[in-house]
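Undergrad: Chains as they are written, first to last, in our numbering: chain A, 1 to 369; chain B, 1 to 369; chain C, 1 to 369; chain D, 1 to 369.
Everything labelled a hint here was simulated from the structure, so no lab data went into it.
Remember, predicted model here, so these are calculated numbers, not experimental data.
Every residue gets a Cβ at the ideal spot worked out from N, C-alpha and C, and that includes glycine.
Hints should not be assumed to be uniformly reliable.
Just some of the chain A residues that point at chain D, by a computed CB distance under 8 Å [as the list claims (entries may be wrong)]: (1) 177; (2) 201; (3) 206; (4) 342; (5) 344.
Sample of chain D residues with no beta-carbon within 12 Å of chain C, all distances over it, derived [stated by the list, open to error]: (6) 30; (7) 50; (8) 275; (9) 369.
4 protein chains.
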Amino acid sequence: MATVASGVVLREFNKPLTLEQAELPDPGPGALTVRVTHGGICGTDIHLHHGNLPIPVPVILGHEGIGVVEQLGEGVTTDFSGRELRVGDVVAWMSSIPCGKCHWCVIEGERTLCENRKVYGINQSFDVWPKLSGSWADHIYLQPGSTVFRLPDGVTPEQAIALGCAAPTAVHGVLDVVKVKAGDTVVVQGSGPVGLAAAMYAHFSGAAKVIIVGGPASRLELAKEIGVGDVHFDIFDDTTNEDRLKQILAETPSGYGADVVLECTGVPAAVAEGLEMARKNGRYLVLGQYTDRGTTPINPHVITKKQLQVYGSWTFGERHYERYLQLLPAMAQRFQLEKLVTAYPLTEANQAMSDMAEGRVMKPVLVNQ
Amino acid sequence: MATVASGVVLREFNKPLTLEQAELPDPGPGALTVRVTHGGICGTDIHLHHGNLPIPVPVILGHEGIGVVEQLGEGVTTDFSGRELRVGDVVAWMSSIPCGKCHWCVIEGERTLCENRKVYGINQSFDVWPKLSGSWADHIYLQPGSTVFRLPDGVTPEQAIALGCAAPTAVHGVLDVVKVKAGDTVVVQGSGPVGLAAAMYAHFSGAAKVIIVGGPASRLELAKEIGVGDVHFDIFDDTTNEDRLKQILAETPSGYGADVVLECTGVPAAVAEGLEMARKNGRYLVLGQYTDRGTTPINPHVITKKQLQVYGSWTFGERHYERYLQLLPAMAQRFQLEKLVTAYPLTEANQAMSDMAEGRVMKPVLVNQ
Amino acid sequence: MATVASGVVLREFNKPLTLEQAELPDPGPGALTVRVTHGGICGTDIHLHHGNLPIPVPVILGHEGIGVVEQLGEGVTTDFSGRELRVGDVVAWMSSIPCGKCHWCVIEGERTLCENRKVYGINQSFDVWPKLSGSWADHIYLQPGSTVFRLPDGVTPEQAIALGCAAPTAVHGVLDVVKVKAGDTVVVQGSGPVGLAAAMYAHFSGAAKVIIVGGPASRLELAKEIGVGDVHFDIFDDTTNEDRLKQILAETPSGYGADVVLECTGVPAAVAEGLEMARKNGRYLVLGQYTDRGTTPINPHVITKKQLQVYGSWTFGERHYERYLQLLPAMAQRFQLEKLVTAYPLTEANQAMSDMAEGRVMKPVLVNQ
Amino acid sequence: MATVASGVVLREFNKPLTLEQAELPDPGPGALTVRVTHGGICGTDIHLHHGNLPIPVPVILGHEGIGVVEQLGEGVTTDFSGRELRVGDVVAWMSSIPCGKCHWCVIEGERTLCENRKVYGINQSFDVWPKLSGSWADHIYLQPGSTVFRLPDGVTPEQAIALGCAAPTAVHGVLDVVKVKAGDTVVVQGSGPVGLAAAMYAHFSGAAKVIIVGGPASRLELAKEIGVGDVHFDIFDDTTNEDRLKQILAETPSGYGADVVLECTGVPAAVAEGLEMARKNGRYLVLGQYTDRGTTPINPHVITKKQLQVYGSWTFGERHYERYLQLLPAMAQRFQLEKLVTAYPLTEANQAMSDMAEGRVMKPVLVNQ
């Protein structure tokens with residue numbers, strides 16, 4: 001008997017999302033179907049809703065998800081790391097499916113740069129079979145080639161969804177690109193999910209001090225509460241930028257500046273400010289500039305004179321997603337991840353979106369248990 | 001009997017330089033005196049003359065030099081690489097003496113960032129003993145701690161001075177920082193001495209194609225004449241920036257952009273343009289921004305989205321200077337370096353400066369043989 | 001009308017190879033058929049013939065090939081770099097097809113380590129459709145997923161086959177792993193095809209001096225004749241190992257040892273010797289140990305005390321094969337590659353094999369024009 | 001009034017050490033004198049006592065020390081990181097003084113490789129002024145150029161001496177050379193001070209699992225007790241090497257092997273074993289081979305086939321010593337470092353040495369409070 005599934009559909013930009021139904025197909029060879037229990041809402045979803053990115057509509061949103069395996073297609077016997085996979089297992093899946101064949105996948109080995117990537121909840125239209133291709137739904141159809149992992153032991157779905165795609169994104173940037181080293185003094189610009197995730201991985205990499213520069217105050221309080229960051233600066237307090245810079249530098253060894261600065265704001269102007277926070281011979285990660293918000297005045301003399309290394313890092317691939325899951329049990333033990341989450345039923349997706357947009361919550365999650 | 005030496009002194013910014021005399025001391029322990037035969041003029045000297053940098057005056061200018069050993073102080077028996085050093089040997093010396101004791105020298109191992117560096121021709125005043133501390137003179141007193149090398153066999157002083165400090169500066173940036181790899185497609189922005197030196201080291205590193213984007217036409221012609229660059233774009237022709245970018249990309253494999261872009265212009269706006277020339281996952285070197293000319297609009301989204309690596313590289317240290325000399329014989333054999341040089345006597349230093357400032361010559365050199 | 005193709009088949013280890021026939025299928029979607037003009041013979045083929053590696057028999061040997069496109073399957077319109085592909089084009093193809101889905105392909109991004117790789121001429125049995133899966137044949141069937149490139153302009157098939165798989169293998173090790181830098185002093189251990197290819201890429205990367213330590217004398221003569229290596233040591237002369245080591249060190253800057261040593265011998269004992277040739281803080285590449293020839297006495301204290309970096313590099317992937325082709329025109333212009341080749345008809349494959357095994361030729365190639 | 005100081009002198013190899021007196025000079029410019037409170041005993045001291053290394057005798061041993069500033073020479077006003085330094089401050093000092101002028105210091109920037117290094121307690125003879133140049137004494141004279149740091153707040157001298165020179169040695173190898181990354185599975189071979197220090201830095205770098213392979217059982221128990229290592233294998237139990245290898249691999253993700261293996265044994269044969277524990281594309285650090293104990297059979301095919309990266313790391317320099325101190329407060333908070341220490345008075349140095357040699361204690365320290 002066919003399952004009829006419900007999903008939150010974006011039909012028209014800037015209009016309310018609608019809960020719609022579609023029939024869940026039985027999984028073909030290499031595919032599987034999952035009963036989604038948690039679908040995360042991410043800042044990017046706000047941009048998608050506003051039509052800031054070229055996506056097909058209608059589309060079921062949701063590129064972050066946790067759920068329970070319902071049916072396994074022919075040949076699907078293990079998860080990506082080779083562990084046996086069975087109906088009823090709790091799983092997480094990577095949002096994208098790189099093509100594995102293009103220049104970027106094969107020659108560069110940078111699957112994040114694949115131009116043919118399928119992305120659940122973003123470029124898989126609700127009009128196209130199998131329709132159920134986003135996590136803001138009670139079911140999702142995971143196509144062949146999907147990267148699916150059983151959730152590691154000792155981790156709850158709430159903990160796993162708490163950082164959403166910010167976590168593997170930060171794994172990519174912090175661990176693989178800019179490479180925080182034990183003993184480093186690290187500045188994190190931004191205190192949203194990407195900033196908090198980046199700060200956590202900096203802690204995990206043995207940073208001697210993690211300085212978070214963000215806001216509003218409620219987010220910094222939450223960061224402190226769950227143990228993220230050693231020093232916190234609120235960009236909305238009365239301090240001038242010059243004074244704040246002085247105070248930040250005073251927190252670094254000999255006042256030289258941070259070994260590493262992690263930009264996680266999405267605000268272009270943050271980059272020029274952040275370059276001033278890095279020490280000579282320091283490293284700077286431009287991690288937060290996911291949408292094109294235009295130019296900002298930057299002084300390239302600073303890059304030459306300080307011999308800076310400035311790195312960009314774009315989304316994440318399988319290797320980052322796997323490492324995120326490998327680290328998740330220890331992360332969940334060290335930080336109270338679940339405190340980041342605010343749960344909503346699928347029927348309140350519009351409310352969740354507006355709470356997110358207005359900064360009332362850190363991480364809204366559509367829960368369906 | 002004491003030698004009275006003559007040097008070109010900058011007494012007052014923006015005023016004509018004057019030829020003045022001072023007595024050449026006998027070298028103390030660890031020091032040596034050199035009869036300077038070639039003192040190079042560099043773009044930085046124009047900035048110094050304009051008072052754009054905080055230097056002491058009066059000062060004998062000249063941070064690039066070749067000469068003949070006149071007297072060796074006690075204990076000076078070899079050059080820096082351990083080869084025997086004798087009166088009459090032709091030598092080159094590094095312009096700076098890092099302190100070897102500060103955080104940057106010891107902890108970072110980046111002697112280029114030493115804040116206590118003595119620099120011949122820049123921060124060693126003519127008022128202070130031994131007075132003769134610049135290469136625009138017939139003699140120079142090289143203090144203990146100077147890095148002096150005998151000129152490699154088969155290289156003339158003209159060839160050695162032809163690129164001046166641009167050569168070891170490019171060694172630092174191109175070979176040690178951004179690391180051009182054999183087969184890379186390389187764009188060089190700028191066709192002055194730094195640009196040409198960077199292009200030469202790109203050729204030497206096995207670049208499959210070196211694309212020079214510079215001007216004016218006379219400089220590009222000279223580059224072609226001596227065999228530097230495979231493709232040349234003149235930024236002063238009638239092409240729009242958009243069209244030029246298209247043409248440049250068309251010269252790269254599959255139109256993806258260059259593997260490496262080397263910025264050697266000193267013009268802030270070049271950085272934003274150059275970032276567009278790099279392929280995704282490409283490398284960008286900010287090598288030319290030696291003076292602070294303020295901010296320029298840059299779009300940091302480009303750095304994130306393309307996953308660029310952007311590096312700054314500042315001046316050079318002993319390891320770069322030594323490698324420059326190791327490569328010099330092969331460089332001189334492959335490119336007609338001497339064609340870059342225009343010779344002037346010491347008495348025409350002012351003329352040489354204005355020819356340089358107005359772009360009439362590539363590399364003016366004060367010759368004293 | 002069906003084409004009947006001929007190929008050189010290994011049916012039984014250590015027995016003569018036989019020329020056999022099979023029908024060439026029309027290419028299916030994504031596949032193509034090629035009339036092979038040049039099939040290279042490689043040292044590994046000798047090992048295969050002796051049964052030293054676990055391969056299926058019968059098999060048409062030949063993992064190096066150049067040929068002319070005969071038929072293109074549906075959907076095959078371009079080569080791997082996106083250039084239009086037509087019947088009659090001269091092409092080269094990579095010997096292996098990584099699976100693109102395993103841990104090593106996806107997580108590590110090291111397609112050389114793929115455990116599911118199909119390799120033409122090695123693990124594609126003559127008993128299994130499409131049978132014609134080796135280059136020692138007049139035709140080959142290139143399966144979907146093959147990496148095929150049109151030969152670059154200005155390069156002859158003889159030049160392209162002259163180094164065989166040694167060239168992309170050396171690209172991997174020399175350019176991507178151990179990374180020779182312009183100005184480096186490089187020792188190459190071995191003067192077979194891998195050694196010569198490694199030496200060429202060292203030259204191309206701007207090595208200040210390339211020292212080849214190999215033999216027999218005829219191979220070193222050939223190396224000199226085509227311009228490979230600056231200094232040559234014959235390991236079969238009367239010099240003791242100790243004396244040879246002294247002489248080699250005397251060729252390095254200040255006698256400190258080589259910046260980089262490239263092991264290309266396949267003889268385990270060479271590794272211990274080679275570690276002594278590297279300077280402190282130097283790099284050592286173990287490139288030649290393709291077959292398991294057991295242990296050799298090595299002193300690990302040398303690795304600690306000298307702070308060596310020792311790298312292994314295994315075969316090559318698409319990125320190395322592409323770079324090899326990008327560099328091929330310049331390689332062919334600089335070195336007389338064609339002089340390495342000795343041509344044989346397909347019918348004389350056994351003779352070619354024995355000439356190779358006995359060191360009478362550098363690079364035997366089965367030519368079929 | 002002159003201070004007469006006492007120190008433990010090695011006069012003759014393999015003979016009992018003697019407690020002798022010498023007058024402590026007032027510190028000259030750039031020097032300082034320290035009342036030593038803690039002098040660590042290290043495995044190297046056993047080797048020195050046996051005459052295995054070429055050192056001058058007589059010599060006061062002791063290259064690890066903590067003490068209290070007694071007198072500051074002219075010009076000594078801050079510690080190496082610029083913090084004010086006063087009489088009575090508790091300090092630690094680096095054992096060596098690199099020359100800062102040789103090829104290795106200047107060109108390579110590897111002060112660990114300096115061939116002119118002075119090393120307290122090793123190559124500074126008791127016969128030569130200022131005689132008091134080892135930490136197994138109640139006073140030490142720290143020469144100009146010494147790298148002295150005030151002990152960080154919140155750390156006791158016992159905690160600081162607990163790992164001795166093993167800690168900065170491991171900083172060098174683990175953080176700077178082989179670079180453990182958060183999420184890595186790490187095998188540590190050896191459970192002496194270097195092994196434990198290496199394991200701690202692996203934990204600090206976010207290792208997902210640290211597997212210690214060492215012995216005897218008492219050392220492993222101590223490791224567990226203070227929280228070092230997640231899994232422990234005793235090389236002295238009844239397991240065969242083959243079985244142990246299987247068990248170790250079973251502890252790694254998918255059984256592929258460890259991301260990083262840290263050799264900290266000093267036993268050559270450990271290297272061959274350890275290479276088998278690394279995954280393909282993994283990293284191997286040869287950290288423990290400080291004395292030349294000759295060759296061991298190693299199969300270089302493993303390095304090629306697995307594409308291993310094998311690194312040597314030799315002692316430590318200022319940058320590693322500084323980072324060790326930066327991390328020390330967090331280390332002391334996370335692990336009960338003081339439990340590693342067994343205290344002895346200076347008069348029982350011989351007993352301490354024999355306890356160390358026979359493995360009865362982890363870290364003997366000569367305490368003088």
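Undergrad: Hints first: check each against the structure and report whether it holds.
TA: Okay, the hints, checked on the actual structure:
Below 8 Å, beta-carbon pairs count as interface contacts, and residue 177 of chain A has none with chain D, the closest being about 12 Å; its hint is therefore violated. Taking 8 Å as the C-beta cut-off, the interface hint given for residue 201 of chain A holds, the closest approach to chain D being about 6 Å. Annotation: residue 206 of chain A was flagged as interfacial toward chain D, and the flag holds, the nearest CB pair being 4 Å apart, inside 8 Å. The interface hint given for residue 342 of chain A is violated, since its Cβ lies 28 Å from the closest Cβ of chain D, which is over the 8 Å cut-off.
For residue 344 of chain A, the interface hint is violated, since its Cβ never comes within 8 Å of a Cβ in chain D; the closest pair sits about 31 Å apart. For residue 30 of chain D, the non-interface assignment is confirmed: its Cβ lies about 29 Å from the closest Cβ of chain C, beyond the 12 Å cut-off. Listed as outside the interface, residue 50 of chain D is consistent with that label: its C-beta sits roughly 16 Å from the nearest C-beta of chain C, beyond the 12 Å cut-off. Not every Cβ of chain C is farther than 12 Å from the Cβ of residue 275 of chain D; the closest lies at roughly 10 Å, contradicting the non-interface assignment.
Chain C leaves residue 369 of chain D outside its interface by the beta-carbon criterion, the shortest separation being 36 Å against a cut-off of 12 Å.
The structure shown violates the earlier hints numbered 1, 4, 5 and 8.
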